[in-house]
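The two chains are supplied separately, each in an independent frame; assemble them into the complex guided by the hints.
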Amino acid sequence: MSTVILLSLVLMTLALCLVFARLFIGPSLTDRVVALELFSSMIVGIIGVVAIATDVPSLLDVAIVLALMAFMAAIGFARFLERGGPRDD
Amino acid sequence: MIEFVKQGLILSGAIFMFLASLGLLRLPDLLTRMHATTKAATLGATLIMLAVALHFADVAMVTRAFAIIIFIMMTAPVAAHVIGRAGYFVGAKLWSGTVKDELRPNYDPLTHELKSGQETAANAARQPRDDDAD
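Sequences listed follow chains Y and A, in order.
Take the first sequence: its letters are residues 1 to 89, numbered as in the numbering used here.
Take the second sequence: its letters are residues 1 to 134, numbered as in the numbering used here.
Hint data in this document are derived by calculation from the structure and do not stem from the laboratory.
Don't take every hint at face value.
To be verified - Listed below are several chain A residues computed to face chain Y (Cβ distance under 8 Å; list not exhaustive): (1) I2; (2) E3; (3) Q7; (4) L11; (5) I15; (6) A20; (7) S21; (8) P28; (9) L30; (10) A65.
What the hints assert, rightly or not - Stretches of chain A that chain Y covers, calculated by requiring three or more beta carbons in the stretch to come under 8 Å of a beta carbon on chain Y: (11) 43-49; (12) 68-77; (13) 87-93; (14) 114-125.
Computed from a prediction, not measured in an experiment: that's the story for all the values here.
We put the beta carbon where it would ideally sit given N, CA and C, even for glycine.
Same shape as in the complex, but just chain A (with noise of 0.2 Å):
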């Protein structure tokens, strides 16, 4: 049973890793590229540390791998959000078939300031006041 159950999770994390490099070559732009990349490497490299946990099944291997899992769960998203945000800056050209990008018109590049698009004069004079939600 437990040898159907590995086979089972060493297959599909393969054929996950597969999909992400199979979308890292197709895809049009860096942002979907790394929608492509991120998600399922990360899910395939968890999926083939669950079958080492379960192949070893003693205590210091299994603390090994679900701290790998746990890793690389928490640092995947901060160096897609890194890359993304270098690629932002330096120019990265976005699919012609994008539809909406809400950070373009808010943005300046140069000063690095982000508009909430509600900025009068009325709302730049306004001081807080104690009966404002926080």
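For reference, chain Y alone in the conformation it holds in the complex (with noise of 0.2 Å):
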């Protein structure tokens, strides 16, 4: 169980990299913003095997939470990106 938990931890943070580095060079502003979508769901992924190697049940409210901020910075990029953001870069 235990290496499995590391294996997939491991996987997990070397995604997490690769969308850094996505953040980082994204040509434009939609780019950073799939980016930090994927980041939140990728850790809410993070959490739950957390959850499972601490026996923490109490962890997946953060999750939840997690779930619900995304959502709602999604929805208010969009709205900036559509109202007013910069338009040429």
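Here it is, written out as structure tokens:
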């Protein structure tokens, strides 16, 4: 069990590094918003794995709140882009 | 047995998330990147939450895990739609190998009007009749 958890945590950390690379180089603002969205849903998964590894059930509440906040952030970013964001980056 | 199923769910969820990030890094334009991230990341989070539900196996935890699954499955398409729409309006460049963009000839980005491609003078003057199909 612990090797599987270790392996999946290593995989997801590597994935976070790749997403961070896209967040850094992303040519436009919308690419960065997509990267942030993926970041948050990946962190929901990491919190789930950590909850299994440490046997702490209340970590799931953190995952619920994080998923909610990520959705609100995506909607807010999209409104900002359509209404008055930079047009030519 | 449950242990093996749990391990398989965790591992496949992690692999799907890794594939999502690989797609985000490697694919050429905004819409293809969103195609990679939304589906794969949703599936990865769903599989890991199923593993959490199997691990804790009591009513409160299973309810929370399924609430997270349903919430992610309902919000991910909405967020992807909104971001894709904003990206299209802001003027995200499509990949050079794009075959078809059906919105481009029919859509007016200034007035936000979508044409059906069948506007004629006769159609514009036509009044609805009783025997029209709804």
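request  = Closer than 8 Å, Cβ to Cβ, for at least three residues: run that test on the region 68-77 of chain A against chain Y and report holds or violated.
outcome  = holds (count 5)
task = Take the region 43-49 of chain A, compare each residue's beta carbon with every beta carbon of chain Y, and decide whether three or more fall closer than 8 Å.
result = holds (count 4)
message = Under 8 Å is the threshold here; is the Cβ of A:A65 close enough to any Cβ of chain Y for the hint to stand?
response = Hint on A:A65: holds, closest Cβ of chain Y at ~7 Å, below 8 Å.
query = Within the assertion that chain Y covers the region 87-93 of chain A, do at least three residues meet a Cβ-to-Cβ distance smaller than 8 Å?
reply = Coverage by chain Y holds for the region 87-93 of chain A (5 residues, Cβ < 8 Å).
message = Given a cut of 8 Å on the nearest C-beta pair, is the interface hint for A:Q7 held or broken against chain Y?
response = holds, 4 Å
query = Taking 8 Å as the limit, does the beta-carbon of A:P28 come near enough to a beta-carbon in chain Y?
reply = violated, 11 Å
task = Go through the hint on A:I15 and say holds or violated, using the shortest Cβ distance to chain Y against 8 Å.
result = holds, 7 Å
key: Proximity test - 8 Å, beta-carbon atoms, the region 114-125 of chain A to chain Y, at least three hits   = With 0 residues closer than 8 Å to chain Y, the region 114-125 of chain A misses the three-residue bar; violated.
message = A:E3 was flagged as interface toward chain Y. Is the shortest Cβ-Cβ separation under 8 Å?
response = holds, 7 Å
message = Min Cβ distance, A:L30 to chain Y: is it shorter than 8 Å?
response = holds, 6 Å
message = Hint validation: A:I2 versus chain Y, beta carbon distance must be below 8 Å. Holds or violated?
response = Constraint on A:I2 not satisfied, violated at 11 Å.
ask   = Going by Cβ atoms only, is A:S21 closer than 8 Å to chain Y?
value = holds, 4 Å
In the structure shown, a violation is registered for the earlier hints numbered 1, 8 and 14, in ascending order.
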